[in-house]
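Read off the chains here:
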Amino acid sequence: MSRRNSNRQLVPLTWCLAGLLLVAACGGRGSDADTGGVKNDSGVKVAQVVKKDDCTGYQASPGISDDEIKLGSSYPDSGPLASIGETNKGMESYFKHLNESGGINGRKITLIGKDDQYDPTKASANVNELLQKDRVFAIVGVQSTTGTMAVWDQLARECVPILESTISSATRDQRAAHRNAIDGLVPYASEGYALAGYLTKTLGEKKVAVITQDGSFGDAAARGVERAIEENGGKLVAHESFQVTDPTVRSQVTTLKASGADALVVIAAGTKCPQIFDTVAASGWKPTIATTFTCSNTTLMGLAKPASTDGIISDGWVRVRTADDPESKTFLDAVKKYAPGVNASSENVAIGWAQGQIVAAILERATELTRVGVINSALGLDGVAVPMAVDGVKASTSADDSAPIESVQIRTFDSAAGAWTPVTTDALVDMTGKLGDFE
Amino acid sequence: MTMPLSAPAVAPVVAARTRVRIGYLLVLAAILAAAVVPFLAPPYVVQNYTRVLIVALPTVGLNLLTGYGGVISLGQSVFFGLGAYVTAILVADHGWAWWQTLPLAVALPLAAGVLIGIPSLRIRGVYFAIVTLVLAAWFPNVIQRFNETTGGNQGKSLTVMQAPGWLGLAQDQYGYLVSLCFLLLVLLLLRNLARGRTGRALTAMRDNEVAAATQGVDVARTKIYVSGLSAAAAGLGGCLYAATQGIVSSETAYFTVVGAIEFLAAMVIGGAGTVLGPIVGALVTERLPVLLSDVDPQLAVAAYGVLLIVVVRVMPAGLVGFATTLARRLTARVTQHHTTVNARNEGKP
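Those protein sequence lines, which keep their order, are chains A and B.
Be aware that the first sequence starts at 1, since it is given in this note's numbering, and climbs by one per residue.
Be aware that the second sequence starts at 1, since it is given in this note's numbering, and climbs by one per residue.
Treat the hints loosely; a few may be bogus.
What the hints assert, rightly or not - Derived pair list, reagent style SDA-like, types lysine to any residue, alpha-carbon separation capped at 25 Å: (1) A:K336 - B:R287; (2) A:K206 - A:E226; (3) A:K133 - B:R206; (4) A:K133 - B:V134; (5) A:K133 - B:W166; (6) A:K51 - A:S398; (7) A:K133 - B:P43; (8) A:K52 - B:F39; (9) A:K96 - B:N48; (10) A:K133 - B:A34; (11) A:K133 - B:H94; (12) A:K434 - A:G103; (13) A:K133 - B:A300; (14) A:K337 - B:L299; (15) A:K70 - B:M161; (16) A:K133 - B:L299; (17) A:K133 - B:D294; (18) A:K207 - A:D262; (19) A:K133 - B:I224; (20) A:K70 - B:V160; (21) A:K133 - B:L26; (22) A:K133 - B:I309; (23) A:K133 - B:M161; (24) A:K133 - B:A170; (25) A:K133 - B:V114; (26) A:K70 - B:L283; (27) A:K133 - B:L283; (28) A:K329 - A:G103.
Worth flagging that the hints you see were computed from the coordinates, not collected in a lab.
As the structure is a prediction and not an experimental result, all values here were calculated from the model.
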């Protein structure tokens, strides 16, 4: 009886599997046809680093029409890391502002954004949907390294540009294997190098300690820190790490304090930053503190006690927004108009605006609006001005350098004013072409 | 000698048979519909539904442990992650084919499930749920701690499964069909298990552990056995996840507490203690938030939460339980009507 029952259960399943195989045999899917290139009036001649023949299943110009350039983006718009997604609000505001003044050679930019909650699986699903359903021309502003890396193999094969997206912890070899991906931030190793260089060379601190967040971000930045200390005759006396989920950092700070370090580099993000600053202050230790831009958001700094954050050193490549600066005014007015619910004083929004300017420059400089043309344009930036960047910071790339911004301005935090001030007006640290040295 | 049955006595038997037949037809239609999806839909849709099939696997496992056995576990993301990392590491770093990793990707979570099942003999109810929740919260930290092997938050990339050339299928179609076949196989096993001795033992244990033991159910053995099987199903899902998605990372939501809660929500929404519930639940938890997010990402979270509360409140037996009750009432009414009409017609001169 039981055997008869199991046989009966197997019958439909067997039929289904047989049907499945039959359909499979007749199945398969052809690839979409190449849609052809579109000329761009004010293109600049650049080296043809990537060629059409290097690509698999290449589609030249989907998402490009006579009056539109369609771009897609995936970023956290909900969940605990939604504040990172503010970057894309800044980028979107810039594109809308640009469209008002005619767009790029008569074509307006449409940015289609999708929420990925900082989950690489969702980022991958979003990017595939943007490319296949929305038929966007390029991907811009993916805000997590893992999110970008979840799709960059596939997109490198198909020669789809990934512009101004976070790949800041990627090594030189990884970048070389993905020439379609252009960094949206200063590489983390370069940032660590700039901060530790300022401590050891300019301020003459010789005994340095470092605390890093576990993961690729912390590891990459720490490599730059170590390099700068070594170059300037300093000594790394202690290195502690923490996990984002650690309830406290007291044991790490106690160990670092016991090392007798005169300076501390904090490589962290989110609410761990004020926690570390307060723990250091509470321990009675008074090192000179330098921290990555990921801690420099004024809202985050405000979460710590003012005495814990006063005089902290950080870096930035986007200009400090002031009322008398024309670019700041344009930015603040546009954000108010196009993204009224967004906190315009957030560093992320300004970074997104600046990233939008770099994307626009890449598109404008492409000799033809094909994917390969745009990738080559992105790899051929030669000191392009970025209005929102600090004066003197220019976007430069090459076949071996996919990081447009490698210069930063050193700043200190004034906790009474709740604002950052450049240490001197021309204190720029230029690390162009140095990324390979940090590995 | 056979006794003629009266109309009211025949009705429930006929209704039950009709229900079974309709049920079979519906399941068959659903399987056929699922099988043609990859040939009609674009690749991104196929990939989305591949994840639904994969998420259904740990949910099926959880359903066995929690839905049938009453042991509340929030650690299913750990076993899912274990399976995924076994496959990712062996494929990416040791050159194995994905299918060669399958036995290990199932065996390791199975062993871990058996180990975790042991404390469930002494730690019961919500306390066991908390123990497993701690494991789920701890797992991403373990991935991070061993980042040289696991790739940490940057992740480990691997080559996704490719269809044999003679099949002529694209990678997304093949991944979908392989996942569908494994899911059907696991469902069939679960169905047989649930209807057999183990299923009866589990249900008895869930309803009253002492009474079940008195009736001869080996509670300890059953709990450990089912805990291992549940983890093995999750491990299989993890293996397929890594082999179809091509990247695993400590930031992948399925390997975190978020994943553990999603699997639990899928089981509850679909219908705990039902065979098809996990698939329906996985479909809702995997696709609904995305669809809502397309409308408004911020409101989506709140709307999804409200919807879950409504489903749990209005349909405590889940969507499948609700549908089964509806179908039972409907077929009973229709059959009753037909039997009465037939009896009346036969009575006519």
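Numbers of the earlier hints that this structure fails to satisfy, in rising order: Violated hints: 1, 3, 4, 5, 8, 9, 11, 12, 15, 19, 20, 21, 22, 25, 26; rest satisfied.
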